[in-house]
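Engineer: Chains A and B, in that order, are what the protein sequence lines are.
So for the first sequence, the working numbering puts the first residue at 44; every next one is plus one.
So for the second sequence, the working numbering puts the first residue at 4; every next one is plus one.
Calculated directly from the structure, the hints in this document are not laboratory data.
Each hint should be verified, as a subset may be incorrect.
Covered, in the sense of this in silico footprint (three residues per stretch, anywhere, with C-beta under 8 Å from a C-beta of chain B), are these stretches of chain A [as the list claims (entries may be wrong)]: (1) 55 to 63; (2) 135 to 148; (3) 340 to 347; (4) 399 to 409; (5) 461 to 468; (6) 477 to 487.
Built from N, CA and C at the ideal position, the CB exists for glycine as well.
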Amino acid sequence: MFDSSALLRQRFAALRSSAEVFSLRHVKQSHQALSVRRNVAEPPFFSQDEGAMLTARVAGVEAYAATADLSQAGLQRALEQAEALARQIARHSLLDLRGQAVPTGQHDVVSPHFDEAIPSLANCLALLAAESASVPADERLVDWQASLGVSVVEQTYLNSAGAELRHAQRFLFPGLSVTASDGQDSQSRSLGRENFGQQGGFEVVERCGLVGAAQRVADQALQLLLAPNTPEGQRDLLLMPDQMMLQIHESIGHPLEMDRILGDERNYAGTSFIKASDFGHLQYGSALLNVTFDPTISEELASYGFDDDGTPATKQFLIRDGVLLRPLGGALSQYRSGLEGVANSRACSWNRAPIDRMANLNIEPGDRSLEQLVQGIEHGILMRTNRSWSIDDARNKFQFGCEWGQLIENGELKGIVKNPNYRGISAQFWRNLAAVGDRSTFQVLGTPNCGKGEPNQVVRVGHAAPACVFRQIDVFGGQA
Amino acid sequence: MQHAFEALVGVAHNALHAGEQFTLGYSAEQSRFVRFNHAKVRQAGDVSQASTHLRLIRDGRQAEQLVTLSGEAQVDSQRLEAAMQLLRQTLPLLPIDPYLQLNTAPWNSLSCQAAPLPALDEVLALIEREAGDLDLVGIYAAGPVCRGFASSFGALGWHQANSFNMDWSLFHENGQAVKANYAGQAWNAGDFTHRLRQARDQLGFLGQPAITLKPGSYRAYLAPAAMDEIAGMLCWGGFSAQALATGNSALQRLYNGDGQLSPLVSFSEQVSGSLSPAFSDEGSPRMDVPLIQHGKARQQLTSARSAAEFQRVANGADSYESPCALSMAGGNLPSEAVLQRLGTGLYISNLWYLNYSDLPAARMTGLTRFATFWVENGAIQGPVNTMRFDDSLYSLLGSQLEDLTLEREMILSTSTYGQRSTGSSHLPGVLVKGLNLTL
């Protein structure tokens with residue numbers, strides 16, 4: 044771990060610059076992707092990536108240069124390139140950062156069980172092959188795949204003010220999916236994949252529930268193929284955590300990103316229905332809604348000690364008792380807006396600059412068991428596992444779809460329905476939050492695929508949530 | 004960069020053991036990225052990156068590794084040799100791959116374009132002069148992009164091109180916006196100025212009071228950029244041989260013969276003449292492939308792996324079987340007659356954030372974004388507030404399709420996820436009798 048640190052430290056110390064502040068962010072990452080599809084092992088895929096971003100601030104204007112040439116000359120060249128670019132854009136720069144503080148801390152953060160070995164490639168493949176082979180023989184089961192991704196990331200941030208901040212993290216992404224088709228319709232059921240990932244060791248695979256799940260998942264895909272479409276109309280909606288995460292992500296996370304509110308993302312990711320003046324008083328949701336930026340749940344995907352600009356990360360309520368308190372805004376956004384934010388300035392790798400991103404964005408558990416949530420619904424539907432997401436550029440009008448639906452009548456779970464979709468408006472939806480599940484319904488989930496930014500970046504984000512009930516939501520099924 | 008790639012190919016050949024074969028992909032770029040907000044520079048930087056994708060094959064087994072390259076020949080040789088060693092140790096752990104199918108034909112392909120790119124000072128000065136008083140937000144991305152491929156069977160491909168992509172929006176103070184783009188390989192300050200002025204002129208229409216529509220079916224014109232979003236959804240597995248064979252394609256019913264699009268609709272993968280490399284990431288020469296002709300399914304995009312798995316013939320598709328240069332045939336509607344033919348309805352410049360409501364039914368949802376107008380009797384009445392649509396492709400490009408524009412637009416991808424994309428699409432505008440708005 045941190046094998047590059049001594050050399051990096053030495054080379055950083057030897058850099059020469061006329062910038063008032065400069066920094067180096069070194070990222071070294073490896074990835075292994077294994078998959079067995081329809082009982083055939085796909086070619087294993089490995090990757091090794093390493094590079095550094097040098098950032099220079101000259102007369103209050105910052106620019107960067109990213110390079111994979113980590114020699115002394117390569118780093119010096121990149122730093123000079125960044126300085127020259129900062130000077131070149133000075134007359135056109137939007138920001139004057141002369142007053143912005145620079146981090147000075149020294150800190151190391153390591154994922155839980157980082158040093159514990161995970162099973163060998165052969166053993167992992169055998170596990171995936173066994174799961175794949177457990178899918179029953181049924182001609183309607185046309186596709187299935189068991190997969191495991193493992194990423195290891197080490198990052199070192201050094202700056203000319205003396206900061207040295209290091210992360211060593213390991214992420215696991217287990218997954219299983221089965222598709223059933225009758226030639227006309229197809230239905231898929233999945234476990235993990237885009238809806239699950241955690242930091243840690245092999246215990247993550249156990250927590251995901253991958254082992255021994257294939258038969259059940261396949262059976263559910265077949266049940267969906269035979270199920271009627273979700274009926275259209277208004278119903279109470281019980282969202283399980285693997286759909287709550289998407290709901291939080293799209294209609295709380297993105298609209299609270301401060302760089303969107305400041306207009307940086309208007310050409311691509313979009314803007315927000317939230318204004319800077321809303322913080323501190325807007326009733327975002329019902330009084331049951333408590334949303335936190337929480338980097339302290341060690342296994343959650345975006346738990347860290349400080350962000351990529353070097354700001355220390357602490358748990359903060361973004362929404363408490365339904366009232367909007369603070370944005371997802373890192374040090375730069377806080378400097379620009381004057382609002383208190385969180386440590387969420389993040390980059391996907393060494394070749395992209397940090398911007399405001401979601402990290403771990405969670406809903407705090409309430410006081411109802413799942414049984415009580417169901418019992419409290421007279422005419423409703425349970426939905427689980429996201430499969431479709433669409434929301435406007437202000438993150439207001441949304442339509443989401445799930446893999447699995449189950450009707451609820453008079454406080455009891457009834458028949459399974461396929462193609463469960465629902466639509467609403469963020470600004471109103473969270474005010475319909477009527478019940479929040481307790482810790483027994485709470486799950487720590489996350490996705491490796493949050494896209495944003497120009498140039499584009501994909502980062503890992505964590506979402507932990509209980510099951511939640513929303514009153515009178517428009518739901519509907521498939522077919523045009 | 005070509006020299007660095009050829010040196011790596013030599014290293015791979017030398018490191019190969021008896022009985023082994025390799026393929027070596029290469030991808031590199033030197034990019035300048037400048038973000039704008041309020042017509043000022045929000046963030047600027049240079050990125051120099053290169054990577055090689057090694058696949059080692061032996062005894063019917065294969066494994067792959069992607070390695071970032073430092074640019075120092077010695078370091079990169081060591082990295083490639085280490086990658087080969089890791090893969091060599093991995094292969095005996097794997098079962099025989101029944102879908103391993105190699106293109107063993109030796110081939111050569113070389114494409115180099117080194118048209119000069121503008122100095123950043125020129126770009127900044129033009130933006131300041133033409134849009135300094137406007138609320139411009141967007142990104143300028145420019146620099147050389149390279150792709151290479153080689154194999155132990157004697158294949159050698161090289162593609163290098165300088166390119167730029169200025170993608171921006173102009174915002175009216177009421178929050179409405181117009182989107183514009185100037186991209187290509189041959190920079191012309193006059194053309195860029197023209198685009199900037201064109202966007203400024205369009206901004207004028209956005210100042211009229213915004214109109215809010217009720218859900219329902221509306222006559223609509225989808226400009227090529229809006230059609231590009233729908234085409235993008237079809238690229239998401241729609242034409243993929245694997246997806247079609249496994250119930251995961253939105254065009255399943257079309258390819259089964261159970262669904263049909265309008266006879267006006269023809270799609271093809273049109274690699275020749277596009278900005279994409281002439282070879283796929285698997286190392287096969289790409290081909291032009293007719294996908295849909297006159298509303299009926301024709302070929303699928305078939306990778307070597309799918310060819311082996313589903314007993315098909317590979318046709319130069321990338322491993323993920325998505326078009327890189329999708330082309331849709333034009334129709335009979337002259338662009339200058341669009342408003343008149345639309346009569347009363349929606350003029351939609353862009354769509355946003357599409358996804359499937361029901362994939363097997365090719366039913367998709369998404370939203371209007373940027374410069375969507377309400378038109379009455381051929382005259383623009385004002386911008387329309389964001390609306391959601393939810394409709395089936397069999398309706399939009401089937402029963403409800405009235406015409407396509409005669410002229411088509413070449414749209415160069417602005418995607419920079421991981422690296423700058425070389426993808427493009429060539430599309431007409433689409434006039435439909437009914438588009439279903441839901442929210």
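Engineer: Determine for every hint whether it applies to the structure shown.
Structural biologist: Going through the hints against the structure:
Counting residues of the stretch 55 to 63 of chain A whose C-beta lies closer than 8 Å to any C-beta of chain B gives 0; at least three are required, and the coverage claim is violated. As drawn, the stretch 135 to 148 of chain A meets chain B at 4 residues by the rule of a beta-carbon pair under 8 Å; at three or more, the given contact holds. Only residues whose C-beta sits within less than 8 Å of a C-beta in chain B count toward coverage, and the stretch 340 to 347 of chain A has 0 of them, not enough to reach three; the restraint is violated. Under the rule that three or more residues need a Cβ within less than 8 Å of chain B, the assignment of the stretch 399 to 409 of chain A is violated, with 0 such residues.
Under the rule that three or more residues need a Cβ within less than 8 Å of chain B, the assignment of the stretch 461 to 468 of chain A holds, with 4 such residues. As drawn, the stretch 477 to 487 of chain A meets chain B at 0 residues by the rule of a beta-carbon pair under 8 Å; below three, the given contact is violated.
Of the numbered hints stated above, those contradicted by the structure are hints 1, 3, 4 and 6, listed in ascending order.
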